[in-house]
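2 protein chains.
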Amino acid sequence: MAKRVLRTKLCDMLGIDYPILSAGMGPTLIGERTGAPVELVVAVSEAGGLGVLGGSGFTVEELRDAIREIKKLTDKPFGVDLLLPKNLDLGGGLGQKGPEQLPLSLVLKSIPKPHQEWIAKVREELGLPQTEIMVRMNTTTMRPQEAVQVCLDEKVPLFCAGLGNPGFMVPEAHARGMKVLGITGNAKNARRMAQSGVDLLVAQGHEGGGHTGRIGTMALLPQAIDAAHPVPVLAAGGIGDGRGVAAALAMGCVGVWVGTRFLATEEGGALPVNKQRILDSTDEDTRVSRAYTGKTLRASYNKFHDLWDSSGLEPLAFPTQVLISSALLAAFIEANKTEFVGGLAGQISGLIKEIKPARQVLEEMVEEAVDILTRRLPETVVAR
Amino acid sequence: MAKRVLRTKLCDMLGIDYPILSAGMGPTLIGERTGAPVELVVAVSEAGGLGVLGGSGFTVEELRDAIREIKKLTDKPFGVDLLLPKNLDLGGGLGQKGPEQLPLSLVLKSIPKPHQEWIAKVREELGLPQTEIMVRMNTTTMRPQEAVQVCLDEKVPLFCAGLGNPGFMVPEAHARGMKVLGITGNAKNARRMAQSGVDLLVAQGHEGGGHTGRIGTMALLPQAIDAAHPVPVLAAGGIGDGRGVAAALAMGCVGVWVGTRFLATEEGGALPVNKQRILDSTDEDTRVSRAYTGKTLRASYNKFHDLWDSSGLEPLAFPTQVLISSALLAAFIEANKTEFVGGLAGQISGLIKEIKPARQVLEEMVEEAVDILTRRLPETVVAR
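Line by line, the protein sequences give chains A and B.
As numbered in this note's numbering, residues 1 to 384 make up the first sequence, in order.
As numbered in this note's numbering, residues 1001 to 1384 make up the second sequence, in order.
Keep in mind that the hints were calculated from the coordinates and are not lab data.
All C-beta atoms, glycine included, are put in the ideal place defined by N, C-alpha and C.
Hints are supplied without guarantee of correctness; some may be wrong.
Said to hold, decoys possible - With the C-beta cut set under 10 Å, the calculated list includes, among others, these residues of chain B facing chain A:
no., residue
1, Glu1207
2, Gly1213
3, Pro1222
4, Leu1249
5, Gly1346
Build out the structure end to end from the sequences listed, making use of the hints.
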């Protein structure tokens, strides 16, 4: 295919060819790879978009290593996504002191008794093994100050906050030539973040995978664009091919932030069982639940959703609930009970029929968007 | 403003100037006017779009009268929207025999005791008056065969089924030169309806007002378009200005189906309190609940949502639950407790700042969409 051109001012801001970013997806709950690992970041950036590392599952040291690995593998711009709690002063030194990792069985003793008992009951009823996994106490999410400092030290071209407002770090980032991006699910938060000085905003609609808000993308985009003005907005949630890209640009967005479609690529960090579930999904086969992390999170529908709903338990606060879902998911996987396994994914899953290289996904997206803008729209819509 | 041109093949199919339909909104639960009354239909059709009458709240005789009234007021094409239960054979003669209307207090005696007791308790605790309203037993929803026959007899240019698959009536409609439109919230249903022979499909996303599905518009549109192919698809849910129109066309839709924005016009049939609530809303101020009709329905958030949630009751089946919500809403309005009142509305409510004539809303939508397609997109996006 002849090389296509698809440029917005986002391309000039970030020094990239195409206004397409892969979402900074955090780790899957189980598995060593993460949603958006180094390989995906490099593939997307090398293809002319901008790949964003999902940094929340790394330790601070691993984050630095991963950033340096990306720099070794590409000289194109890339991003890092961290989860930043509302208040950077965590108090009590959470994540700062103590052992670097602890056995899950030990950590589980700290959660409420009813939740412990429920896990034991599920294990017994389903004949699950006593899977032992280590819980890392020193991930970037628990050491946000150090993690942010690593990004500043490494002059990461685009810093992205998947949670929280990164406005506090904008001056330091700008001093290092970096850009800062915030993610929002509603207009009020878009306004607040824009006023705090971020360079870019992602407005993510309800249909998106992972932690997601209540406002559908089509309703959210114009309201977020107005609220964030003049800060440019990227669209997220429900974008899986060039049609979504063209629609987002028509709406006034400067680009798109694409999760599920890149998760289900050769380089995407989802477990094979989760990639397969995306391929098997229709538009109706995801669910929003607090079962996974304590916050509302969209994932491929599976029997764990029902199991949790039938527990009658209140989910624990974010991120403590992850201990529960991780404990069970590790056991489900070990016992090969894959009907209880489904990874983070958006409602666009039903559009995804094939695992392809990330470069091919990006190129096809560009090709289709250009085709729409240059040929299909002029042929099908008479506007003057 | 100079007269703009915005045409798709939908315009040729329906004989209209602009590919914009006002949604066939059913009646508000309280109030004599309906969501999309004759005045709105005429205004939208006269302005070059296509107005759709919300016919579900009418008796069969009123429906015929309303259609004839529209024909008197405009010679432009228009539509009628009915709710068609899955099975047209209602059995037992529901809606066919018996009294034409009954006092609500009498009808309420037929619902479960706990629900009756809850209504009494709410009335007492909030000091509500014993409002008496008459329940019509002979609306089009309860006499679907007769209602459909009226539409066929009157050769309504566009027949729309807000609920159920209108495929069964396509041959008869086509024989009369009519077009038939179905509405869907997921890809599976889009495929089924397309195969049943409808001329057009509306794919409505989760952000839309009234009865709504789970799939966000941005995720739904490409999946519904693929599933319905080659039946053309209109977009609904989250469209409030020309940006939404342009995005829908870029996605491959042939037009848009717009509810909330037309509900909040001078001619729109929402109660003044409900129009005001739309004006006051942000993107976050609607809720989906089964409290109103028994099916999931999006309305402006108000204290009735909380009141119902705290009842601990299961909603009754559609449409019996309407008896409960109607009984209380009539009393809330009479007692001027407007904090418990909120009409059907979508998440695009936050974009709506002013009640305008429907013609102006349509013209501004066209103007903006044309501006995007002819000027803004070429200026901001380089595609080749």
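Hint-by-hint comparison with the structure:
For the restraint placing B/Glu1207 at the interface with chain A, the shortest Cβ-Cβ distance is roughly 3 Å, inside the 10 Å limit, so the hint holds. The criterion of a C-beta within 10 Å of any C-beta in chain A is met by B/Gly1213, whose closest approach is roughly 9 Å, and the hint holds. Because the smallest distance between the Cβ of B/Pro1222 and any Cβ of chain A comes to about 5 Å, under 10 Å, the interface hint for this residue holds. A least Cβ separation of about 5 Å between B/Leu1249 and chain A falls short of the 10 Å threshold, and the interface hint therefore holds.
The closest approach between the C-beta of B/Gly1346 and any C-beta of chain A is roughly 7 Å, which is under the 10 Å cut-off, so the hint is satisfied.
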